[in-house]
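Starting from the given sequences, assemble the full structure and let the hints guide the process.
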Amino acid sequence: MPYLTKLSAAALSDLLVRKEVSAVEATRSHLDHITAVDADLHAFLHVAADAALETAAQVDARRAAGETLNPLAGVPIAIKDVLATRDMPTTAGSKILEGWVPPYDATVVARLRAAGLVLLGKTNMDEFAMGSSTEHSAYGVTRNPWDRDRIPGGSGGGSAAAVASFQAPLALGSDTGGSIRQPAAVTGSVGVKPTYGGVSRYGAIALASSLDQVGPVSRTVYDAALLHDVIGGHDPLDSTSLTESWPSMAVAAREGLKDGALKGLRVGIIKELSGDGFQAGVTQRFNETLALLVAAGAEITEISAPNFEYAVAAYYLILPAEASSNLARFDSVRFGIRVNPHSGSLTSEHVMSATREAGFGPEVKRRIILGTYALSAGYYDAYYGSAQKVRTLIQRDFAAAFSQVDVLMSPSAPTTAFKFGEKLADPMAMYINDVTTIPANLAGVPGMSIPMGLAPEDGLPVGLQIMAPAKADARLYTVGAAIEQLLEERWGHTMLSQAPALTPTEMFASEEGAV
Amino acid sequence: MSEITAEQVAHLAYLARIDLSPLEITNLTHDLGQIVDSIAKVSEVATADTPATSHPMPLTNVFREDIVVPSLTVEQALSGAPDRAGDKFRVPAILDEE
Numbered sequence: 001m002p003y004l005t006k007l008s009a010a011a012l013s014d015l016l017v018r019k020e021v022s023a024v025e026a027t028r029s030h031l032d033h034i035t036a037v038d039a040d041l042h043a044f045l046h047v048a049a050d051a052a053l054e055t056a057a058q059v060d061a062r063r064a065a066g067e068t069l070n071p072l073a074g075v076p077i078a079i080k081d082v083l084a085t086r087d088m089p090t091t092a093g094s095k096i097l098e099g100w101v102p103p104y105d106a107t108v109v110a111r112l113r114a115a116g117l118v119l120l121g122k123t124n125m126d127e128f129a130m131g132s133s134t135e136h137s138a139y140g141v142t143r144n145p146w147d148r149d150r151i152p153g154g155s156g157g158g159s160a161a162a163v164a165s166f167q168a169p170l171a172l173g174s175d176t177g178g179s180i181r182q183p184a185a186v187t188g189s190v191g192v193k194p195t196y197g198g199v200s201r202y203g204a205i206a207l208a209s210s211l212d213q214v215g216p217v218s219r220t221v222y223d224a225a226l227l228h229d230v231i232g233g234h235d236p237l238d239s240t241s242l243t244e245s246w247p248s249m250a251v252a253a254r255e256g257l258k259d260g261a262l263k264g265l266r267v268g269i270i271k272e273l274s275g276d277g278f279q280a281g282v283t284q285r286f287n288e289t290l291a292l293l294v295a296a297g298a299e300i301t302e303i304s305a306p307n308f309e310y311a312v313a314a315y316y317l318i319l320p321a322e323a324s325s326n327l328a329r330f331d332s333v334r335f336g337i338r339v340n341p342h343s344g345s346l347t348s349e350h351v352m353s354a355t356r357e358a359g360f361g362p363e364v365k366r367r368i369i370l371g372t373y374a375l376s377a378g379y380y381d382a383y384y385g386s387a388q389k390v391r392t393l394i395q396r397d398f399a400a401a402f403s404q405v406d407v408l409m410s411p412s413a414p415t416t417a418f419k420f421g422e423k424l425a426d427p428m429a430m431y432i433n434d435v436t437t438i439p440a441n442l443a444g445v446p447g448m449s450i451p452m453g454l455a456p457e458d459g460l461p462v463g464l465q466i467m468a469p470a471k472a473d474a475r476l477y478t479v480g481a482a483i484e485q486l487l488e489e490r491w492g493h494t495m496l497s498q499a500p501a502l503t504p505t506e507m508f509a510s511e512e513g514a515v
Numbered sequence: 001m002s003e004i005t006a007e008q009v010a011h012l013a014y015l016a017r018i019d020l021s022p023l024e025i026t027n028l029t030h031d032l033g034q035i036v037d038s039i040a041k042v043s044e045v046a047t048a049d050t051p052a053t054s055h056p057m058p059l060t061n062v063f064r065e066d067i068v069v070p071s072l073t074v075e076q077a078l079s080g081a082p083d084r085a086g087d088k089f090r091v092p093a094i095l096d097e098e
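Here the protein sequences line up with chains R and Y, keeping their order.
With the first letter of the first sequence counted as 1, position 141 gets the number 141 in the working numbering; the numbers rise by one all the way through.
With the first letter of the second sequence counted as 1, position 74 gets the number 74 in the working numbering; the numbers rise by one all the way through.
Heads up, a few of these hints could be off.
Unchecked claim - To spell it out: a stretch of chain R is covered by chain Y in this simulated footprint if at least three of its residues, at any positions, have a beta carbon under 8 angstroms from a beta carbon of chain Y; those stretches are: (1) 341-348; (2) 391-398; (3) 430-444.
Unchecked claim - Straight-line C-alpha distance at most 30 angstroms; calculated DSS-like pairs for lysine-lysine: (4) R:K95 <-> R:K423; (5) R:K419 <-> R:K365; (6) R:K271 <-> R:K419; (7) R:K419 <-> R:K6; (8) Y:K41 <-> R:K271; (9) R:K19 <-> R:K258; (10) R:K419 <-> R:K95; (11) R:K419 <-> R:K258; (12) Y:K88 <-> R:K271; (13) R:K95 <-> Y:K88; (14) R:K423 <-> Y:K41.
Quick caveat, the hints were computed from the structure, so don't treat them as lab data.
Note that this is a predicted model, so its numbers are computed, not measured.
Just so you know, even glycine gets a beta-carbon here, dropped at the ideal spot from N, CA and C.
Below, the structure written as structure tokens:
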């Protein structure tokens, strides 16, 4: 039943709850579609077909027995490979963890299992989430379903591509500097970075602990909200987890569908996140979306956030510093590969150095060395210390902005999906790409990306970023659902219904022989 | 251009416990110089009276009840180890013989 893969998680959930479709049928449809398209797209690093069908059968049996289950029970989901899964390899896109099966589940994964979601497999990513294109995966690139010569964004390119190509209605991502929102933008899907501490990081392989946040990836705002409600909330296993109780994001999203949901909404446009460096078609779609908002009764104010100019610089000091410390755990003793040096004595120190030489890719080495430099004596105050001060200034910019407006908006990314290789040779060109998304991570505030059209010049998706004050995640879902509805009414269709049809894998087999 | 030298990169790689080939050191010296030039501007606005922020949502004294909870079994803890000896992780020699 191929049509099942086209449904939103909410629509599929309705059919499952009414027992018009079984979880096994829904799961099999998605697995068949993965078989048909993913040898080419390569969104998945691992597909757990047998386990998925077994979970689905259990959900069907429980429903048949009259149990009341979570509405998402039986809905398939893909998991970014940065999250620990006790029955699937977890590599974070790195050779150093090749084949590692963790002895425990990440809290978010455990919550999915408890709610009866069907785990399809693990999705590709830049190694240890370092990148904006998924080109830094040790296991090969993921292709953008809109154009197979272009990047699907990163680091969570696999999760975004899986959702955008209808291989799964839902996925989990992680966002340290935009790794959920930017892939959503360039694939025409939806991605949410929750408030820092709103979703547990336990079992998420750490990149930069003060920036990392796990969140939902989907095709609709409402689906993201349903998933957020499953994974969010306090977790005693994560000491940075916020203890408050959260409102239902799904209820908040439904509020956005009511008439007048945008009336009186105060929207701030960030001056520093526009103009030079933004592709013409991105700016055009952004301005058109603002016009729609004004017509719907929203008030637009231009806001200056002067310190955002320093956000990328601060981020590329804080992130490498934290990463160089976090990745010290890959010492070839407790998990991962062990490689002996070609020469010299076989001491722990030499074996560790040889293992990390062989196991880490070039971007990971670059950032560890950069972080080690930023933290070293004599440079600490000038670099890491200054970056932490910039973080304060950016938080103040957000505080000033949110004293005037309810939400902030910008394009989610300065450009549409770029071509493979375009930014690989110049690390700064790749880093600058995250200029729009990084400020939210530095300040801990929530951000969402939703599709806002196709750029006229290349026909590729453009994303709208919405940001709210810390802990006001529900506001994102209300506003996001309202704008999504406005845009779809105007287009007369959803964004992803316009994506080119995917050619079954066999068609590419001969052409790809040399790749 | 910041003055990052190949010797400095080699020393940083030693501190980070990553063997690097001469080619990698050359490339990283170049990359690091460029990146540091681009990010050094943080010091332009980081004045002495600006407090540092290390964490977006400050929390203090996060404790749990002091009670025993289930943890990994020895088999689970050793399941990902590249080498083991009975119930222990087996590691290469810590000290060099020389």
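Practice task
Hints the structure violates: just list their numbers, smallest first.
Solution key: 11 and 12
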